[in-house]
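Please work from the sequences and hints to get the whole structure.
Chains as they are written, first to last, in the numbering used here: chain D, 1 to 298; chain Y, 299 to 524.
Each hint should be verified, as a subset may be incorrect.
[To be verified] Chain D residues, not near chain Y, derived (Cβ > 12 angstroms throughout):
hint, residue
1, ASN82
2, GLU104
3, ILE215
[Said to hold, decoys possible] 30 angstroms max Cα-Cα, derived DSSO-like pairs, lysine-lysine:
hint, chain 1, residue 1, chain 2, residue 2
4, D, LYS192, Y, LYS392
5, D, LYS248, D, LYS192
6, Y, LYS351, D, LYS192
7, D, LYS248, D, LYS57
8, Y, LYS344, D, LYS192
9, D, LYS165, D, LYS97
10, D, LYS11, D, LYS57
11, D, LYS248, D, LYS199
12, D, LYS136, D, LYS150
13, D, LYS199, Y, LYS428
14, D, LYS11, D, LYS192
15, Y, LYS392, Y, LYS428
16, Y, LYS344, D, LYS199
17, D, LYS11, Y, LYS428
18, Y, LYS503, D, LYS199
19, Y, LYS503, Y, LYS344
20, D, LYS199, D, LYS11
21, D, LYS199, Y, LYS392
22, Y, LYS392, D, LYS11
23, D, LYS192, D, LYS150
24, Y, LYS392, Y, LYS344
25, D, LYS89, D, LYS11
[To be verified] Stretch-level coverage of chain Y by chain D, calculated; a stretch enters the list once three of its residues show a Cβ under 8 angstroms from a Cβ in chain D:
hint, region
26, 328-337
27, 381-389
Hints are computed from structural coordinates only; laboratory data are not their basis. All C-beta atoms in this analysis are idealised placements derived from N, C-alpha and C, irrespective of residue type, glycine included.
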Amino acid sequence: MKLTNLGYLIKEGIRGIFLHGFMSLAAVVVTVACLLIVGSFSCLVYNVNVMVEDLNKTNEVLAFVDDSLTDAEARSIGTVINQIPNVHKAEFVHRDKAWESFVEDHGNDPAFDGVDPKTTIRHRFVVTLEDNELMKETAAQLESITGIDKVNAAYEIARGFSTIKNVLHIASVAVIGVLLVVSLLIISNTVKLAMYDRKDEIAIMKMVGATNGFIRLPFVVEGFVLGMVGAMIAFFLEWAMYNALVEKLTVVDTLHLFSFVPFTQPELMQTMVATFVAAGLFVGVVGSWTSIRKFMDV
Amino acid sequence: MIAFSDVTKSYSVGTHALRGVSMQIEDGEFAFLVGPSGSGKSTIIKLITGELKPTSGTVHVNGYSLERIRRREIPYLRRTVGVVFQDFRLIDTKSVYDNVAFAMRAIGAREREIRERVPYILELVGLENKSRRHPTELSGGEQQRLAIARALVNNPSTIIADEPTGNLDPARSLEIMSLLQEINNLGTTMLVVTHERDLVERFGKRVIAIDEGLVVHDGTDGYYRL
Ligand SMILES: Nc1ncnc2c1ncn2[C@@H]1O[C@H](COP(=O)(O)OP(=O)(O)OP(=O)(O)O)[C@@H](O)[C@H]1O
Ligand SMILES: [Mg+2]
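Structure, rendered in structure tokens:
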């Protein structure tokens with residue numbers, strides 16, 4: 001195909017959009033609606049993910065040091081701990097420091113009157129992990145280090161968090177999948193209508209020896225433009241809606257229970273742009289491509 | 299060149315449209331294809347354009363073997379064969395000029411080539427003064443000329459006309475036939491399907507007559523009987 005024809009093909013595709021003004025409008029509106037739901041869902045999942053991740057970070061493992069070790073010996077274990085691959089950070093906490101915070105938390109409790117910190121409280125390392133799903137394995141490794149007496153780790157909580165994440169993941173994939181299929185069908189139908197409208201032209205093109213690709217391209221362009229226009233409108237609407245919602249919620253959320261990632265935060269922004277562009281492209285191009293196949297026989 | 303060798307064609311449920319057709323039309327030849335309704339004429343045309351595949355036998359058209367042509371080769375075969383239909387199949391929303399240009403655009407011609415070629419072809423068929431009109435503003439004969447112009451514009455080596463004069467009065471029919479003969483004189487192979495015995499006899503060209511899916515007469519004396 002020569003490059004000079006590309007202009008003609010693209011022009012034909014765009015002409016088609018205006019020729020089928022109402023259907024095109026309907027297709028764009030439905031695409032926008034579907035993508036908005038997909039987008040909102042992605043935003044929600046993204047935020048919940050970030051919150052879960054943050055909470056999970058606070059799920060630390062405590063490694064208690066053998067009483068018989070001197071302060072210096074106890075501290076030196078830190079380097080050994082840090083050699084474990086899954087360890088993100090190991091912070092040494094002196095027994096006096098640990099006692100202080102214990103007193104802070106339970107100071108008024110008469111049950112602890114007369115307790116000697118020297119014999120009750122041990123030096124410890126507060127260990128945060130790279131991946132909490134491997135908490136059990138890492139705790140075992142920590143336990144096997146000489147000089148470490150006992151390890152406290154909340155596997156159940158870690159497992160709970162990873163379950164939440166997995167469920168969210170599956171649910172979002174399912175919802176997004178269904179919505180994409182809906183938009184796909186709608187665009188596909190629009191393009192099918194456009195093709196039906198021009199079936200005589202298509203028949204003539206085939207008769208004079210136009211290749212299938214050449215016949216198809218204007219319709220794919222039409223689907224592509226519809227999909228992209230839908231994606232763009234949905235993206236900016238999503239942005240506005242997201243900001244409005246976050247603003248409302250922040251006012252209500254005086255306890256700071258939620259922390260929202262701003263829409264313009266690079267990672268979220270990139271995810272959203274990628275989602276919308278990919279969805280628009282997918283819906284537009286695949287939608288038109290599949291609808292054309294029926295018309296291409298003979 | 300078009301060559302049929304012992305071609306049969308059966309449609310799905312036992313309709314034997316062709317029952318062993320053999321014939322050969324050389325480059326530059328002019329031939330009439332005649333026969334009663336349902337005898338298999340349109341089936342022959344569809345076999346030539348690759349719209350149908352033969353049930354058995356071989357069909358060669360301008361270097362392509364239709365019985366084993368690949369799908370993606372069919373467009374290129376069709377560029378060598380221009381087809382004119384009885385019902386014209388023009389695009390009413392496009393002007394005369396654009397109807398012809400459309401056929402060139404469909405195969406990726408450049409705009410500059412189109413601007414040169416379309417007026418030349420319109421002049422050849424006598425529509426040079428009506429290029430801005432739409433098909434609905436043309437007479438039947440003019441519409442047929444337009445259909446011929448479109449079939450001709452991509453410079454095919456062969457033109458096939460299926461009942462090109464079916465809708466026209468005798469005088470217009472004669473004009474169209476003369477035009478087809480003129481085009482043939484310029485070197486294009488011409489196969490014309492018709493019912494009009496008067497016209498066939500008048501032109502004195504080769505006549506291939508088929509009946510019930512078989513060739514029953516093939517001669518160059520412009521005469522046939524069924
Ligand atoms: N798509 C089809 N399915 C089944 N049978 C068909 C089909 N097309 C044609 N036929 C049959 O094949 C035979 C030949 O048909 P064809 O169209 O080739 O005839 P024809 O010579 O062109 O007739 P006419 O002069 O009326 O156009 C007829 O009996 C017809 O009924
Ligand atoms: Mg017929």
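Starting from LYS344 of chain Y, check that the Cα of LYS199 of chain D is at most 30 angstroms away, please. Status holds; Cα separation ~19 angstroms.
Regarding the pair LYS344 of chain Y and LYS192 of chain D, is the alpha-carbon distance no greater than 30 angstroms? Given pair LYS344 of chain Y, LYS192 of chain D holds - Cα atoms ~26 angstroms apart, limit 30 angstroms.
Is the straight-line distance between the alpha-carbon of LYS248 of chain D and that of LYS192 of chain D 30 angstroms or less? violated, 43 angstroms
Beyond 12 angstroms from every chain Y Cβ - status for GLU104 of chain D: Given that every Cβ of chain Y is farther than 12 angstroms from that of GLU104 of chain D, nearest at about 79 angstroms, it holds.
Claimed coverage, the region 381-389 of chain Y by chain D - three or more beta carbons nearer than 8 angstroms: Contact hint for the region 381-389 of chain Y vs chain D: holds, 3 residues under 8 angstroms.
Pairwise hint evaluation, LYS192 of chain D against LYS351 of chain Y, where the allowed Cα distance is 30 angstroms at most: holds, 27 angstroms
What's the verdict on LYS11 of chain D and LYS192 of chain D, does the C-alpha distance respect the 30 angstroms limit or exceed it? holds, 19 angstroms
30 angstroms Cα cutoff - pair LYS392 of chain Y, LYS11 of chain D: Status holds; Cα separation ~16 angstroms.
Agreement of LYS248 of chain D and LYS57 of chain D with the hint, judged by alpha carbon distance not exceeding 30 angstroms: holds, 28 angstroms
If you draw a straight line from the CA of LYS192 of chain D to the CA of LYS392 of chain Y, is it 30 angstroms or shorter? holds, 22 angstroms
Please work out if LYS199 of chain D and LYS428 of chain Y have their alpha carbons no farther apart than 30 angstroms. holds, 26 angstroms
Run the distance test for LYS136 of chain D versus LYS150 of chain D: straight-line Cα separation, threshold 30 angstroms. holds, 13 angstroms
The structure shown violates the earlier hints numbered 3, 5, 9, 10, 11, 18, 23, 25 and 26.
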